[in-house]
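Here's the letter readout for the chains.
There are 2 protein chains.
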Amino acid sequence: MSQKITVVENILSANDQIAQKNRAAFDAAGVFVVNMMASPGAGKTTFILKTLEALQGRLRMGVIEGDLATSIDAEKALAAGIPAVQINTGGDCHLDAVMLAGAIPALPLDQLDLVIVENVGNLICPASFNLGTHMNLLIASIPEGDDKPYKYPTMYRGVQALIISKIDLLPYVPFDMDYFRQGVEMLNPGLVTFPVSARTGEGMQAWADWLVERVKAK
Amino acid sequence: MSQKITVVENILSANDQIAQKNRAAFDAAGVFVVNMMASPGAGKTTFILKTLEALQGRLRMGVIEGDLATSIDAEKALAAGIPAVQINTGGDCHLDAVMLAGAIPALPLDQLDLVIVENVGNLICPASFNLGTHMNLLIASIPEGDDKPYKYPTMYRGVQALIISKIDLLPYVPFDMDYFRQGVEMLNPGLVTFPVSARTGEGMQAWADWLVERVKAK
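Chains as they are written, first to last, in the numbering used here: chain A, 7 to 224; chain B, 7 to 224.
Hints were generated in silico from the structure; no laboratory data involved.
In this text the structure is predicted, and so the values were computed from the model without any measurement.
One or more of the hints may lead you astray.
Copies of one chain are not kept apart here, so a pair can be met inside one copy or by any two copies together.
To be verified - List of simulated lysine to aspartate or glutamate pairs, EDC-like, C-alpha gap at most 20 Å: (1) Lys56 x Glu81; (2) Lys27 x Asp116; (3) Lys224 x Asp33; (4) Lys56 x Asp153; (5) Lys82 x Asp182; (6) Lys82 x Asp153; (7) Lys27 x Asp119.
Chain A extracted, bound-state conformation (with noise of 0.2 Å):
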């Protein structure tokens, strides 16, 4: 006599399960979710407090730090007016969907447009772990070189937008554009991309309103 199998298919990992109530959560709430990655140093905190001056209150927006340990840079953001939740992640090099389900509930979703989730400095790890947001963005700066998008092709390929950070500084450091952008083309044809720099202003009120433009066509 044959005995009937179960099979179960694992069709979502956890993390993708956690992920998709994230989503639900942030649509219920009517607030556009981007994942921002870098390398370390790149800018990351300094260029989400001048999107929020070059948005000239269009937005209302909030940020999720994600951090080892510290909370620097939700303090940073306290400090300039906007609903800021720190994530420590303890060790681990990237946020994943269970931490950013644990910090949503200590914002006031309902009262913003926009939330910018800052994870940790890292060109490698973030890019495996779908949080549920709606947007990866990728800020690459100048002084990190231009051989980047070759090196880390994994993180050039999943996002849908990239920042070109610092570019005050290309005439003080080797840097290749031509070469910098074939490598993301070949990687991720007709990625939108803004060169920028936190210091100076320039290119910052182009991403703000290309920013606007997304959030509002959601």
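Following the hints, complete the assembly by docking chain B onto the known chain A.
Relative to the frame of chain A, chain B by itself:
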């Protein structure tokens, strides 16, 4: 009747066991091995090539380059005329002792005094994996910002020397050297530190002289 219970203590992890074998191989060949770690774009490969120049033949040097997928870095080293091996981690965010063990036979260890292992660009994962090398070296670049010791404490605690690179960019970026050094001192008191610019050559000779002494004192 009581049963005797066998307790097996796992004193060394698999990685640490292999690391011990790597160390034995290095010591048998009389070669000093440095595990170099840094954020993506801190200038590791350029620093290695400039170190080679500053050594002016005082040490016979080889390199092992770690990266996710490419062989860009090993090609640069080979072009500079030194033995070089590339390890591709296939997406892993760090080298481990097994990967290094696989690369060792490809280098003429007996003909070398110094091997620099360039770890994957990452301030988190590589800190947790013993490779069997003699020294952990961290490169922190000025444009990454002065808060990195506070944000990546495990990395800063685990190194025996620190290079502060790209100091030629100090006039162009906000970087409070006192704040940076306070963080380093808190985590790793008395850490030997070399501020350098691979671009202008500043500080490279002091580093090379120290390295020669360190290798000879082994």
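query = Going back to the hint list, which numbers does this structure go against?
reply = none
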